[in-house]
Every structure is written in structure tokens, then in C-alpha cells.
Amino acid sequence: MPEGADAPAEPAHPLAHLLPAEEPGLRRFVRSLRVPDGEVDDLVQEAFARAWRSRDAWQAERPAGAWLRKIAARAWIDRRATRARLPGALAEDVTDPRADPAPLRDDLEAALARLPPQEREILLRFHQRGDALREIADELGMPLNTVKSHLHRARQRLAEGRR
Amino acid sequence: MSGSKRSRDALWQRVHAHLDAGRDPLRDAELLDALAADPDLLAQVAGLVDDLGALAATGRTRSPRRAASRALPWILAAAAAAAAVLVGPGPPDGPADRGSSPAPSSFAAGAPERVVGFRASTVERSDGQRIERSVELRPDGRVVARTRASLVWRPPSPPRTDRPEVLSFRAEVTFHPQVSED
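Going line by line, the protein sequences match chains A and B. Just so we're aligned: the first sequence equals residues 2 to 164 in this note's numbering. Just so we're aligned: the second sequence equals residues -9 to 172 in this note's numbering.
Worth flagging that the hints you see were computed from the coordinates, not collected in a lab. Hints are all accurate, no fakes.
Here are a few chain A residues that sit away from chain B, every Cβ distance over 10 Å (derived from the structure):
id	residue
1	P15
2	D38
3	D42
4	Q46
5	S55
6	W59
7	P64
8	A65
9	D139
To give a feel for the contact side, a few chain B residues facing chain A, derived at Cβ under 10 Å:
id	residue
10	H6
11	L16
12	G37
13	L38
14	D40
15	D41
To be clear about the criterion: a stretch of chain A counts as covered by chain B if any three or more of its residues have a C-beta under 8 Å from a C-beta of chain B, and this derived list gives those stretches:
id	stretch
16	23 to 34
17	152 to 162
A quick note: this is a predicted structure, and the numbers were derived from the prediction, not measured. Think of the CB as a built atom: it goes at the ideal place given N, C-alpha and C, for glycine as much as any other residue.
Input sequences plus hints: build the corresponding full structure.
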């Protein structure tokens, strides 16, 4: 090659075209992890950066979106673990003593309203009032395992209905 | 049943076990590793944890710090009373060995051992918070009081009374190992 001539451009990695197209889906996924609004961009960028560093491990026949979600999930988990190790992490949990009880969010209230009444009652008694499972079973005249089954179904319905 | 369904059911069972016990499933590192391979399930669990936390917050009706301030005086009083009984004249010389050992029965009788430290602590739960308070009387005479609160997964007791529930009381006495010269 004559001196001074431009080197032939290296063909772009296929992910270079795919990543921007995957951004909206990845952003939706990150939001579904209940990441605060102010941290969504950061986590999306971190996921992209990790994906780019691992681009040689990407298999073109696999959907890029699913691969990116796993990377973002791992980034989110790592971030939580790092924060948990920071000194003072407990102190962040302290609530403002002057605060009134938090109002129930509208979207959560609507999701609760969609639960079968008995499951909803047990879920609220356990997670909102803090009743013990045995106490709930005694008051409702149900076997303990039945109460647990209702509670578990209620949680899963709530989780699946919120996606 | 498919392997994937079985795997998801197993993960859900683990999530429920944590929640039933009042623990945050997202603090289980092994579970998180498993969920990382199933991002959609991870998002469901993360969303559920967030929702249940919000639900627990609506059950909170009074300030844990105010509750804490009510309990603190009796801890201080207990610490001061215990220190008054326990602190005796120290050995005339020699370095103080600050090892800990069970409290000797001769303490109340005014044995000559030297108490070099006293720490009393309580753990309470109050409206979804676990509150640990401690008072420490240091060998140099200083009194150090600490309060640490953290959210527990659910309010372990319904907000029916205005009193925090004291889960434990612990007192530790650090003293010179020469318990008695008699």
C-alpha cells in the first residue's frame, strides 16, 4: 500500500447497527426493574458498554434484545451489590420521621383491585398490616397452608399483572 | 411440565420463602444469579418487591424515631444503674486486659474487679423498621449512644398500638479478668 493512503476501513461489527435499534426495548426493560428515572440512562449506557466489550461473545443467531436484557440484568444486580456494601447503606433506609404514611400509588391500587377478593385480603393483611400467617389463618378459619397458597398466588398475580 | 416452567416455579418458591419470612429476596445472591439468566422473571420479582415495599409503607402510621426516643431513657437508666453497681476500684497497676468473659456472680456483692466497659442494646421493631439502639459507657468515662434503623421487609406487627415492640435486650460488660483475689 502506498505510504499515506488510507487504510481500508474495518467492517463494522454487526452489533454496531443492532445496539441503537435495541435501545427502546432495553430502556423498557430497565424501567421494569423499577430503576429510578434518574438512573435509567446510566444503566442503559452501562449495559451497552458491557455488551460492546463482550461483542466477540455475541452469537449472531441469538436475538440481540434477549442478550442485552441479560447484560442489563447483571449490571443492575452488580449495582445493587455495590451499594449494599457501601458504608451507610442502612442509613439510607431510614424514613423521614415527620412523614405521613405513604399513600398507595394509583397503579398499585388498581393492580390490587384486580386480585380475587380473598387473595387480596390475605396479601394486605400480611404485607400491609403485618399480620402473621398463623394469625390470618386463625381469623379466617383456614388451614395455614391454604393461607400461604392464597398469598403466593396473590403475589404472582400481582407481579405478572404489572408487566 | 417444561424444564423452564419447573425452573421458574422453583425460583418463585424461593422468592415466596423469603417473603413469608419477612426477608427481601433481592438480597439473596444465589437467587439473583439464577434470576439474571431469566431477565423477565427478574423484572417481575423486582417489581413485586417494590410494590410490596410500597404497600408496607402505607401501613406505617407513626414515627420510629419518636418511638426510639421513648425507649432511650430507660436504656440509659439501665446502663447507668448497672455501671453504678459494677464499677469498682481497679487494680493498682498493670495494663488492663480488655477481654470479655461471662459476668461473675460476685459482681453484685461489690467484688474488687474493675469494669472497663459497659454496653447495653435493644432491638425493636416498629412500623416496618428494625431499630437497634445502644448505649456504651467507655473506659474513659464517655457515654456513646447510637441508634440505627433499617427497613424490614414488612411491618411485623400491625399498627394497633402506639408502643414499639422490644425484641431483645442485651448487656455486655467488659472487665478486668482478675475477678476476685479472695
